[in-house]
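Chemist: Residue strings, one per chain:
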Amino acid sequence: MLDAPDEPEDLWLATDGVPSARPLMQGDVLLGLPIGNDGEAAPGMILTHPCSMRAGKKLRPRQTVAQIVHQPISLEQWAGSHYDFMPLPGLEVPELDAPALDLRLIAAVPTPILVAADRHAALSEIGIHLLQQRLTHHLTRVVVDLKTFAEHSAPTLLEVELQEDWVSEAMRRVKGDADLAEAQQSAENEFQNLLDADDRRLRGMLSQPPTRAQAAREVRTTIRDRRGADGS
Amino acid sequence: MTESTSMTPTTDAAATRLDTDQTASASSTLRQLNDSYAALRGEARLINTDIETGHRTARRYDLDERTSLKAKRAPLELLDELATDRGLSWATIARLCRVSVSAVRKWRAGDPPSGEKRLALARLAAFLDLVAEMPVADPGSWLSMPLVAQYSATGEDLFVADRLDDLLDYAAGHVTAKEMLDMFDENWRARFASDWEIVDAPDGERSIRRRAHHR
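Listed in order, the protein sequences are those of chains A and B.
Note that this note's numbering has the first sequence beginning at 1, numbered continuously upward.
Note that this note's numbering has the second sequence beginning at 1001, numbered continuously upward.
Derived from the structure by calculation, the hints contain no laboratory data.
It should be emphasised that the depicted structure is a prediction, and the values quoted were computed from it without experimental measurement.
One or more hints might be untrue.
Far from chain B, by Cβ distances over 10 Å, these chain A residues were calculated [said to hold, decoys possible]:
hint, residue
1, Arg104
2, Asp179
3, Ala215
If you want a taste of the chain B side facing chain A, the calculated C-beta under 7 Å gives, among others [said to hold, decoys possible]:
hint, residue
4, Gln1032
5, Ser1036
6, Thr1084
7, Gly1087
8, Ala1091
9, Gly1140
10, Ile1198
Restricting the straight-line Cα-Cα distance to at most 20 Å, the calculated cross-link-like pairs of lysine to any residue (SDA-like) are [said to hold, decoys possible]:
hint, chain 1, residue 1, chain 2, residue 2
11, B, Lys1117, B, Glu1133
12, A, Lys58, A, Lys147
13, B, Lys1106, A, Pro19
14, A, Lys147, B, Glu1156
15, B, Lys1178, B, Pro1146
16, B, Lys1178, B, Leu1164
17, A, Lys57, A, Asp10
18, A, Lys147, B, Glu1205
19, A, Lys147, B, Trp1196
20, A, Lys147, B, Ala1193
21, A, Lys57, A, Lys175
22, A, Lys147, B, Arg1098
23, B, Lys1106, A, Glu9
24, B, Lys1106, A, Glu188
25, B, Lys1117, B, Asp1162
26, A, Lys175, A, Glu188
27, A, Lys175, A, Arg227
28, A, Lys57, B, Asp1203
29, A, Lys58, B, Gly1204
30, A, Lys58, B, Glu1205
31, A, Lys58, A, Arg227
32, A, Lys57, A, Gln184
33, B, Lys1106, A, Glu182
Glycine included, every Cβ here is placed at the ideal spot set by N, Cα and C.
If we strip away everything but chain A, and leave its shape as in the complex, we get (with noise of 0.2 Å):
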């Protein structure tokens, strides 16, 4: 009834930590959140709907997490049954032979603590898309398609790329006495601020299908101008 990856290692865009560059994001694992019982330190997963994460350009000041824990459950299984969890093979956690995500164990916890650099895994798009399909009917019973999540998604996961890219590359220029963080935030909001000029005209191509590769091959096309101006 629910769908499964092809491969465990389709879940994954990656396991052995992520780019700071990247935004924090629906699917991000990090480990040592106080969400274990009586608050002790314990793996986990931001739930929060990327939608939801942010207000205006920042993010909001509590985000949902999910423990993760340890619950073997096959890839034969993950259609018909264990409708609490959302298997994690193929994950490397401490003291966790078979990681799972736990959606009863869902907790808010402040933003802060959830620090870009720290993350140690992030779901890729159908990673991403298959939490949705089994949180929407862990909650409501409701089962929706996996293709109906990846075209809903598509704006939101396409602009996380880039940005992720367009930081980069902004970090990748910055000179070696320079304060990074400051750097990341001023390259992160320069890509915001491009995103929302003449009256947010990337977002509304990148919000429709005919438009989108479009505005990604702008803003790739800035990104490669950049990078060939200082002759790298």
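On the provided structure of chain A, position chain B as indicated by the hints.
Modeler: Leaving out everything else, chain B in the frame of chain A:
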């Protein structure tokens, strides 16, 4: 009156015979015409099939040749072409090359793809070049757009299923989207049906809503 009466059957018979002869002659001509056209249609169909097969073969050779040329370029150049010049997302590139997103991230970081995967990158780039020469304004967007309203099937689905010839026929206007999908999967309507639609919500974000009138 008698003569006239006696003449009438003879004249009528002659007229009837003449009518019958003319009708038979006309029928024969029409039958021959019908047969000739039927034969011509059969031949035209065979010729058309031959032309289609020949065109597809020639186009496949063209695609192979373009792929070979692209494959000589560095993987990073190909990735840049697909992402920057074509506007594909990294996730889409991964899907169309049938690799994981993390594999594409590794290639971008300098890990070389295997020969097979490098060829997949080259083939995608060559395919989009070919599409760009057809009446398609933006091949990158074209691949990701729904083929038929209210169904989720896109060109990406057919590309992943290796239906490149069908996609190129569609791009060139030789077949309609529905004809292409019929050739791909006779049950495509059930396979790609969705009860959900994306709508703009009052808060400015997009929401998922059940379709009011489903097909």
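Chemist: CA of Lys147 of chain A to CA of Trp1196 of chain B, is that 20 Å or under?
Modeler: Holds. Lys147 of chain A to Trp1196 of chain B sits at ~10 Å (cutoff 20 Å).
Chemist: Taking only the CA atoms, is the gap from Lys58 of chain A to Glu1205 of chain B under or equal to 20 Å?
Modeler: Roughly 16 Å between the alpha carbons, so the hint for Lys58 of chain A and Glu1205 of chain B holds.
Chemist: Under the criterion of a CB-CB separation shorter than 7 Å, is Gly1087 of chain B in contact with chain A as hinted?
Modeler: holds, 3 Å
Chemist: Do the alpha carbons of Lys1106 of chain B and Glu188 of chain A lie within 20 Å of each other, as the hint requires?
Modeler: violated, 24 Å
Chemist: Below or equal to 20 Å on CA atoms is what counts here, so check Lys175 of chain A against Arg227 of chain A.
Modeler: holds, 15 Å
Chemist: For the hint on Thr1084 of chain B, just tell me whether its beta-carbon gets within less than 7 Å of chain A.
Modeler: At about 4 Å, which falls below the 7 Å cut-off, the nearest Cβ of chain A leaves the hint on Thr1084 of chain B intact, so it holds.
Chemist: Just to be careful, I want the Cα atoms of Lys57 of chain A and Gln184 of chain A compared with a cutoff of 20 Å; is the pair within it?
Modeler: Measuring from Cα to Cα gives roughly 14 Å; hence the hint holds.
Chemist: With a cut-off of 7 Å on the beta carbons, see whether Gln1032 of chain B makes it to chain A.
Modeler: Not OK, violated: Gln1032 of chain B not within 7 Å of chain A, min 53 Å.
Chemist: Holds or violated: Lys58 of chain A with Arg227 of chain A, Cα cutoff 20 Å?
Modeler: With Cα atoms ~28 Å apart, Lys58 of chain A and Arg227 of chain A exceed 20 Å; violated.
Chemist: Double-check Ser1036 of chain B for me: the hint is only fine if its C-beta lies closer than 7 Å to a C-beta in chain A.
Modeler: violated, 48 Å
Chemist: Mind verifying the non-interface call on Asp179 of chain A? Its CB should be farther than 10 Å from each CB in chain B.
Modeler: Asp179 of chain A clear of chain B: closest Cβ-Cβ about 26 Å, beyond 10 Å.
Chemist: Check the hint pairing Lys1178 of chain B with Pro1146 of chain B against an upper bound of 20 Å on the C-alpha distance.
Modeler: Roughly 12 Å between the alpha carbons, so the hint for Lys1178 of chain B and Pro1146 of chain B holds.
Figure legend: structure checked against the earlier numbered hints; hints not met, in rising order: 3, 4, 5, 11, 12, 17, 21, 24, 31, 33.
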